[in-house]
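K.L.:
One letter stands for each residue in the lines below.
Number of protein chains: 2
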Amino acid sequence: MKLASLADGRDGRLVVVSADLRRAVDAGPIAPTLQAALDRWAEVAPRLQELSDRLASGTEAGFAFDAAACASPLPRAFQWADGSAYVNHVELVRRARGAELPASFWTDPLMYQGGSDAFLGPHDPITLPDPEWGVDFEGEIAVIIDDVPLGASRTEALKAIRLVMLCNDVSLRNLIPGELAKGFGFFQSKPASAFSPVAVTPEALGPAWQDGRLHLPLHSWLNGVAFGKPDAGLDMTFDFGTLIAHAARSRRLSAGTIIGSGTVSNRGEDGGPGRRVDEGGVGYSCIAELRMIETIQTGKPATPFMQPGDTVRIEMFDGEGRSIFGAIDQRFLPADPPETAA
Amino acid sequence: MKLASLADGRDGRLVVVSADLRRAVDAGPIAPTLQAALDRWAEVAPRLQELSDRLASGTEAGFAFDAAACASPLPRAFQWADGSAYVNHVELVRRARGAELPASFWTDPLMYQGGSDAFLGPHDPITLPDPEWGVDFEGEIAVIIDDVPLGASRTEALKAIRLVMLCNDVSLRNLIPGELAKGFGFFQSKPASAFSPVAVTPEALGPAWQDGRLHLPLHSWLNGVAFGKPDAGLDMTFDFGTLIAHAARSRRLSAGTIIGSGTVSNRGEDGGPGRRVDEGGVGYSCIAELRMIETIQTGKPATPFMQPGDTVRIEMFDGEGRSIFGAIDQRFLPADPPETAA
Numbered sequence: 001m002k003l004a005s006l007a008d009g010r011d012g013r014l015v016v017v018s019a020d021l022r023r024a025v026d027a028g029p030i031a032p033t034l035q036a037a038l039d040r041w042a043e044v045a046p047r048l049q050e051l052s053d054r055l056a057s058g059t060e061a062g063f064a065f066d067a068a069a070c071a072s073p074l075p076r077a078f079q080w081a082d083g084s085a086y087v088n089h090v091e092l093v094r095r096a097r098g099a100e101l102p103a104s105f106w107t108d109p110l111m112y113q114g115g116s117d118a119f120l121g122p123h124d125p126i127t128l129p130d131p132e133w134g135v136d137f138e139g140e141i142a143v144i145i146d147d148v149p150l151g152a153s154r155t156e157a158l159k160a161i162r163l164v165m166l167c168n169d170v171s172l173r174n175l176i177p178g179e180l181a182k183g184f185g186f187f188q189s190k191p192a193s194a195f196s197p198v199a200v201t202p203e204a205l206g207p208a209w210q211d212g213r214l215h216l217p218l219h220s221w222l223n224g225v226a227f228g229k230p231d232a233g234l235d236m237t238f239d240f241g242t243l244i245a246h247a248a249r250s251r252r253l254s255a256g257t258i259i260g261s262g263t264v265s266n267r268g269e270d271g272g273p274g275r276r277v278d279e280g281g282v283g284y285s286c287i288a289e290l291r292m293i294e295t296i297q298t299g300k301p302a303t304p305f306m307q308p309g310d311t312v313r314i315e316m317f318d319g320e321g322r323s324i325f326g327a328i329d330q331r332f333l334p335a336d337p338p339e340t341a342a
Numbered sequence: 001m002k003l004a005s006l007a008d009g010r011d012g013r014l015v016v017v018s019a020d021l022r023r024a025v026d027a028g029p030i031a032p033t034l035q036a037a038l039d040r041w042a043e044v045a046p047r048l049q050e051l052s053d054r055l056a057s058g059t060e061a062g063f064a065f066d067a068a069a070c071a072s073p074l075p076r077a078f079q080w081a082d083g084s085a086y087v088n089h090v091e092l093v094r095r096a097r098g099a100e101l102p103a104s105f106w107t108d109p110l111m112y113q114g115g116s117d118a119f120l121g122p123h124d125p126i127t128l129p130d131p132e133w134g135v136d137f138e139g140e141i142a143v144i145i146d147d148v149p150l151g152a153s154r155t156e157a158l159k160a161i162r163l164v165m166l167c168n169d170v171s172l173r174n175l176i177p178g179e180l181a182k183g184f185g186f187f188q189s190k191p192a193s194a195f196s197p198v199a200v201t202p203e204a205l206g207p208a209w210q211d212g213r214l215h216l217p218l219h220s221w222l223n224g225v226a227f228g229k230p231d232a233g234l235d236m237t238f239d240f241g242t243l244i245a246h247a248a249r250s251r252r253l254s255a256g257t258i259i260g261s262g263t264v265s266n267r268g269e270d271g272g273p274g275r276r277v278d279e280g281g282v283g284y285s286c287i288a289e290l291r292m293i294e295t296i297q298t299g300k301p302a303t304p305f306m307q308p309g310d311t312v313r314i315e316m317f318d319g320e321g322r323s324i325f326g327a328i329d330q331r332f333l334p335a336d337p338p339e340t341a342a
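First to last, the protein sequences are chains P and Z.
Numbering-wise, our numbering puts 126 at position 126 of the first sequence, and it's gapless, one number per residue.
Numbering-wise, our numbering puts 18 at position 18 of the second sequence, and it's gapless, one number per residue.
Please note that a few of the clues may not be correct.
[Claimed, not checked] In the DSS-like style, the derived pairs of lysine-lysine whose C-alpha atoms are separated by at most 30 Å in a straight line are:
{"#": "1", "chain 1": "P", "residue 1": "Lys-182", "chain 2": "Z", "residue 2": "Lys-159"}
{"#": "2", "chain 1": "Z", "residue 1": "Lys-182", "chain 2": "P", "residue 2": "Lys-159"}
{"#": "3", "chain 1": "Z", "residue 1": "Lys-182", "chain 2": "P", "residue 2": "Lys-182"}
{"#": "4", "chain 1": "P", "residue 1": "Lys-300", "chain 2": "P", "residue 2": "Lys-159"}
[To be verified] Here chain P is said to cover these stretches of chain Z; the calculated rule only asks that three of the stretch's residues, wherever they fall, bring their Cβ under 8 Å from a Cβ of chain P:
{"#": "5", "stretch": "66 to 79"}
{"#": "6", "stretch": "109 to 115"}
{"#": "7", "stretch": "118 to 128"}
{"#": "8", "stretch": "171 to 180"}
{"#": "9", "stretch": "239 to 253"}
By construction, these hints were calculated from the structure, which means they are not laboratory data.
Predicted model only: the values in this text are computed from it and were never measured.
Glycine residues also receive a C-beta, built at the ideal position from the N, C-alpha and C atoms.
Working from the sequences, and respecting the hints, build out all of it.
P.N.:
Structure below.
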């Protein structure tokens, strides 16, 4: 089953989307919003599935699905906690800023609390006032979960996964060192994130969803040029069950919580950082990793962070080349300066 | 105007509360929940005020208000961002763990993103599995805001404050050093927070609300013994307008966002850390500060963090000794260990 939220008010309007992303049908009579559906999933999901079946069989005609009309599946959420499960990415990014990787990072997941009150729609521009902040994208996998009790095990956590999405966890690279030095987390260096137009149940992902990991390449393009296609099932040190259990160690988690994987990243065949796409590698899911490779090769980074007008596209395909979640497709547009001063 | 949410489902049931906290009236016909009211505040607030006036005049009888029947004013919120505006507290806590205070902390606010998907009710127990985690309370002031645009000024931010509350930002002192060392913020060391039963509009606070600060003592008791009564209007280096503008530097904030002050803390008359209540001082709003004083005086802390069964009460009174927000009144009860293992 595939679900999306058409942009409409603060919480969007829930629709069921066909497997091929061509048709959609209003789910309003069952649940007006995705959060409302998640609030009573056990009761609502079978009815949404039935509607999905009717859309698939043609009993329900629906209407043409337009990803550009979508808000984030959850336009606002009660929680967004992002892990950093591809430790290869953490190692590269830290090396790029001259920081060591503690050995514990391979056994104890990193996770930060992100802002969840106003996500960007999948085709919304990334509007930020200052290009000097170092705007980067981060291609990730994310899951939406049901209620999870305090102290839940990995097994319990895996059972609570209701939907899977793609994410662009927009990052402000030049603000990160200052924010992390203050010791309170990323705050200003993590502006609003975007998610794929469509959220998909684990069941509908078939054999690609296994062991709490999504075993398919995550494609990204910068200004239309292939940038990365690392396999999201490879080198994911911590699976989603482990990430969710980590989040639930000292508190229960409420339905509609979104848990992120962190930037998808594969090691190279030689165990090293891996090659660029145009050099035959699987590339990267953020500019920071490429800049690290450039620094290793030439002593300094060559690829700038996103410049005004630059575009990023993030998408995933099934074995037949069909888009699973629709595309995140965003342009960086500097915001107007605020009209009033402090 | 004073508002509260009676415990009922995931979002509670909105009631208008009388100034003396004795009566309440169902606000359901105007807005079923506080979040629903905040989503269209300009339209809803005058109608809630009218209901409040009818309750005050006796035109509306209402029913007896019971703080123990309350959930958090926002039982779950789309954002909880907690500042650390009383730099005196930051300096003490850092000194206690042997960390320096950078000079920039006096000019650049500290702020962390907290979990907001499942707050504790004001009289709910604090259930955590391990007393060794070092359970501490933190008495704070918090505000609920309306929509705030990206890059808002302090002046714009101040105008967006809709409601004021008290907060117990529960902290796990023995988990903090490990979490902060990982560089991603407090995550596991900040479990669910609790807020006062009643949220109050700035207008209803009268002259005590000035310059984005609440100029009244914040009282706290540990096991019924007076622990602190520092003035929340003193030594607040960053007012709420500055804190909100800080949060909005790289993203817009949505209606219903909660911004916290950090632990309320006053310097002593000599500019030092200040004396205990039983020694004639204003005391502290968390155990960590007292432990720091003890360490300075005797070389080691004497007061333990909260033990199973310990209680904390946090409350604020007007000039006539009447409770303004009702009390946060919580007991630390260890949670049962989870039934299943990983």
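K.L.:
Could you run down the list of hints and mark each one as holding or not?
P.N.:
Verification of the hints:
At most 30 Å may separate the alpha-carbon atoms for a hinted pair to count; Lys-182/P and Lys-159/Z meet this at roughly 28 Å. A threshold of 30 Å between alpha carbons decides the hint, and for Lys-182/Z with Lys-159/P the separation of about 28 Å falls inside it, so the pair holds. A hinted pair counts as satisfied when its Cα atoms are at most 30 Å apart, and Lys-182/Z with Lys-182/P qualifies at roughly 13 Å. A threshold of 30 Å between alpha carbons decides the hint, and for Lys-300/P with Lys-159/P the separation of about 45 Å lies outside it, so the pair is violated.
Interface restraint, the stretch 66 to 79 of chain Z with chain P: holds (4 residues with C-beta to C-beta distance below 8 Å; minimum three). Here the stretch 109 to 115 of chain Z counts 6 residues with a CB under 8 Å from a CB of chain P, which clears the bar of 3, and the coverage holds. Figure legend: the stretch 118 to 128 of chain Z, annotated as covered by chain P; annotation consistent (3 residues with Cβ-Cβ distances under 8 Å, at least 3 required). Residue count for the stretch 171 to 180 of chain Z with a Cβ under 8 Å from a Cβ of chain P: 3. That meets the three needed, and the coverage hint holds.
With 8 residues carrying a beta carbon less than 8 Å from a beta carbon of chain P, the stretch 239 to 253 of chain Z meets the three-residue requirement, and the given coverage holds.
Checked against the numbered hints above, the structure breaks only hint 4 and satisfies the rest.
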